[in-house]
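Residue numbers (my numbering), protein chains in the order written: chain Z, 1 to 113; chain D, 1 to 115.
Treat each hint with caution, since some may be false.
Claimed, not checked - Cross-link-like lysine-lysine pairs, in silico, DSS-like; alpha carbons within 25 Å at most:
| # | chain 1 | residue 1 | chain 2 | residue 2 |
| --- | --- | --- | --- | --- |
| 1 | D | LYS69 | D | LYS107 |
| 2 | Z | LYS15 | Z | LYS41 |
| 3 | D | LYS58 | D | LYS69 |
| 4 | D | LYS58 | D | LYS107 |
| 5 | Z | LYS41 | D | LYS49 |
| 6 | D | LYS69 | D | LYS49 |
| 7 | Z | LYS44 | Z | LYS78 |
| 8 | D | LYS107 | D | LYS49 |
| 9 | Z | LYS41 | D | LYS107 |
| 10 | Z | LYS44 | D | LYS49 |
| 11 | D | LYS107 | Z | LYS44 |
| 12 | Z | LYS54 | Z | LYS78 |
Think of the hints as simulated: they come from the structure by calculation, not from any bench.
These figures come from a predicted structure and were not determined experimentally.
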Amino acid sequence: EAGVTQFPSHSVIEKGQTVTLRCDPISGHDNLYWYRRVMGKEIKFLLHFVKESKQDESGMPNNRFLAERTGGTYSTLKVQPAELEDSGVYFCATQRDRGVGYTFGSGTRLTVV
Amino acid sequence: AQSVTQLDSQVPVFEEAPVELRCNYSSSVSVYLFWYVQYPNQGLQLLLKYLSGSTLVKGINGFEAEFNKSQTSFHLRKPSVHISDTAEYFCAVSDSGGSNYKLTFGKGTLLTVNP
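The shape of chain D in the complex, shown without the other chains (with noise of 0.2 Å):
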């Protein structure tokens, strides 16, 4: 079974300063790795994705990640947060192989960014 826990369930930070919500995750399996957002009123986004290659993985809207194997994490950053990045951040897991093809996700965070 996998798992993902997201640390923080909310974030509040102001515009222009840098931001990371952090994510780590079980499995006994090799996985996939994905953040996706969830602006108000909006559907799910992708944000990035890790399959495999090198470990820092750029996203859109100036988000990245890294993917930390030892430490089972998958953090996403921004130098600089706009107030349009407010929105609820999901961090997920799916198996890269085998016919399981489901997302595993966390909690989500919530991030808020002030003027």
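So here's chain Z without its partners, still in its complex pose (with noise of 0.2 Å):
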């Protein structure tokens, strides 16, 4: 089966910008999750999604960042005004049931200069 992409790979924009991150989940994964890793800290968590639903978007770091899932296919996060400490890399990972591990797709490394 095919993994779960994300793009762009890597993103350069300045402060103040708008970006959006795509994710692509393996076809049949309802659940959708992003994380992200600031330099140097651990991954956490930002939301996840039963299919179109928002189940949990605790990790949202503040209102400047929009998650959404079209008809619980893809996925994008979007982000504005991107500020400096938004920098870091954004993943996505699906999974098809509880326990069966996730698939994570590469990241997109986020630069905001």
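Dock chain to chain to rebuild the complex, using the hints, since each chain is given by itself in its own frame.
Next up, the structure:
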């Protein structure tokens, strides 16, 4: 099966600009997650979709972050406006059922300058 | 709330030596436990997981881990490492019940295998 696809792989933007990250999940994986790793810190949970519904968005840092999952397929994570502290690697992961383990994408490295 | 502590941020070893990467967790509920590996310029790959049953779990690439409930540990081991095992390793936990599926990660251990 095809893996989890994220793009872009890298993005460099200026402070105040908008960036949209995209994740294409494995077909049939209803659970989709976004995680972020800021330099030198642990990987942290941002939010969890079950199909098109937000199950848990307790990890979203603030209202500059907006995640959507159109029709329960691909998901986007928009940062508007971007700040310097938003720099990091954003991972998407999908899961068919609980306990079977996540499949992670390769991540998007976001640099805000 | 859950937390994961990876006691070593960096572990340098020589090729063909044994290695143990330590992981301790804290949780008020039953958990699933995972080890993930990130090779340079790649995403996270599942090495192994503990869901239930035997406390000794075998994973890919010759790695294994042992769940110790009394010590709340899930240490990762390999009897003989290769240069290609150089990567960052992450221990993670999630609730085993309820509606909370998210992973809580440790800070990672960078394993460097030297010739």
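Here is how each hint holds up against the structure:
1. D:LYS69 to D:LYS107: holds, 21 Å
2. Z:LYS15 to Z:LYS41: Answer holds: Z:LYS15 to Z:LYS41 is near 21 Å, not above 25 Å.
3. D:LYS58 to D:LYS69: Answer holds: D:LYS58 to D:LYS69 is near 17 Å, not above 25 Å.
4. D:LYS58 to D:LYS107: holds, 22 Å
5. Z:LYS41 to D:LYS49: holds, 23 Å
6. D:LYS69 to D:LYS49: Holds, at about 15 Å.
7. Z:LYS44 to Z:LYS78: holds, 17 Å
8. D:LYS107 to D:LYS49: holds, 18 Å
9. Z:LYS41 to D:LYS107: holds, 6 Å
10. Z:LYS44 to D:LYS49: Cα-Cα ~19 Å, so holds.
11. D:LYS107 to Z:LYS44: Holds: D:LYS107 and Z:LYS44 sit about 10 Å apart, inside 25 Å.
12. Z:LYS54 to Z:LYS78: holds, 15 Å
Going down the numbered hints, you'll see the structure goes against none, and every one checks out.
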